[in-house]
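Trainee: Just so you know, the sequence shown maps onto residues 1 to 145 in our numbering.
Among these hints, one or two may not hold up.
[Said to hold, decoys possible] As a list, the in silico SDA-like pairs of lysine to any residue whose alpha-carbon atoms are at most 25 Å apart:
hint : residue 1 : residue 2
1    : K64       : Q99
2    : K36       : M1
3    : K36       : T17
4    : K64       : R16
5    : K64       : V114
6    : K100      : A128
7    : K68       : L80
8    : K36       : M137
9    : K64       : Y134
10   : K64       : L20
11   : K68       : A94
12   : K68       : Q96
13   : K36       : A22
14   : K68       : R108
15   : K36       : T11
16   : K68       : L125
Rather than coming from a laboratory, the hints here were simulated on the basis of the structure.
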Amino acid sequence: MPTFDYLALDTAGRERTGTLTAASESDARALLERRKLLPVRLGAAAETRTVPVPALSAGFARRKLSSKALTLFTRQLATLISVSPLEESLRSIAVQAEQKRVADVVWRVHGGVVEGRRLADAMALESASFPPLYRAMVAAGEGSG
1 MPTFDYLALD
11 TAGRERTGTL
21 TAASESDARA
31 LLERRKLLPV
41 RLGAAAETRT
51 VPVPALSAGF
61 ARRKLSSKAL
71 TLFTRQLATL
81 ISVSPLEESL
91 RSIAVQAEQK
101 RVADVVWRVH
111 GGVVEGRRLA
121 DAMALESASF
131 PPLYRAMVAA
141 GEGSG
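Could you put together the complete structure from these sequences and hints?
Mentor: Take a look at the structure:
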């Protein structure tokens, strides 16, 4: 039987990672749900790789977005995504951001999307700014269309 690596959220919203064996991806997803885990990422063990975060310049520390900044980002993205592609929406938000910190975070997410990552995966590279539940909701939206 195939082996699957997963990232899931428990009932308290904490991230859980692991490996499980199941007949198919849908069986693996059902097994996680029976364990009261919300699958965020699930893939065949051979396909799942850790992607290194690009090196940061010396003295630059990643800081998380404030809840106000995250709320504004969410509203802007929801509005823009309905009228333009994701890449263009993220670029517009980054260019128009009033705070450099917000622009930096959004540019890094934009870069991840341009490299071919799903939005939730690109946000995971900025885990300090995007909480696990937020990323899980984005992943659920991506999965459902």
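Trainee: Hints first: check each against the structure and report whether it holds.
Mentor: Verification of the supplied hints:
Restraint check: the Cα-Cα separation between K64 and Q99 comes to about 12 Å, which is no more than 25 Å; the hinted pair holds. Annotation: proposed proximity of K36 to M1 holds, straight-line Cα distance about 22 Å (limit 25 Å). Our distance criterion of 25 Å between C-alpha atoms is met by K36 and T17, whose separation comes to about 13 Å. A threshold of 25 Å between alpha carbons decides the hint, and for K64 with R16 the separation of about 21 Å falls inside it, so the pair holds.
Restraint check: the Cα-Cα separation between K64 and V114 comes to about 22 Å, which is no more than 25 Å; the hinted pair holds. Simply put, K100 and A128 have alpha-carbon atoms about 16 Å apart, close enough for the 25 Å limit, and the pair holds. Using a Cα cut-off of 25 Å, the hinted pair K68 and L80 holds, with the two alpha carbons roughly 18 Å apart. Simply put, K36 and M137 have alpha-carbon atoms about 16 Å apart, close enough for the 25 Å limit, and the pair holds.
Distance check on the hinted pair: K64 and Y134 sit about 14 Å apart at the alpha-carbon level, within 25 Å; holds. At roughly 32 Å between alpha-carbon atoms, K64 and L20 are farther apart than 25 Å, so this suggested pair is violated. At roughly 16 Å between alpha-carbon atoms, K68 and A94 fall within 25 Å of each other, so this suggested pair holds. A hinted pair counts as satisfied when its Cα atoms are at most 25 Å apart, and K68 with Q96 qualifies at roughly 16 Å.
For the hint pairing K36 with A22, the CA-to-CA distance comes to about 17 Å; that is within 25 Å, so the pair holds. Of the pairs offered as hints, the one joining K68 and R108 holds, with about 19 Å between alpha carbons and a cut-off of 25 Å not exceeded. Straight-line distance between C-alpha atoms of K36 and T11 comes to about 7 Å, which keeps the hinted pair within the 25 Å bound. Restraint check for K68 and L125: satisfied, since their Cα atoms lie roughly 20 Å apart, inside the 25 Å limit.
This entry does not satisfy hint 10, going by the numbered hints stated previously; all others are met.
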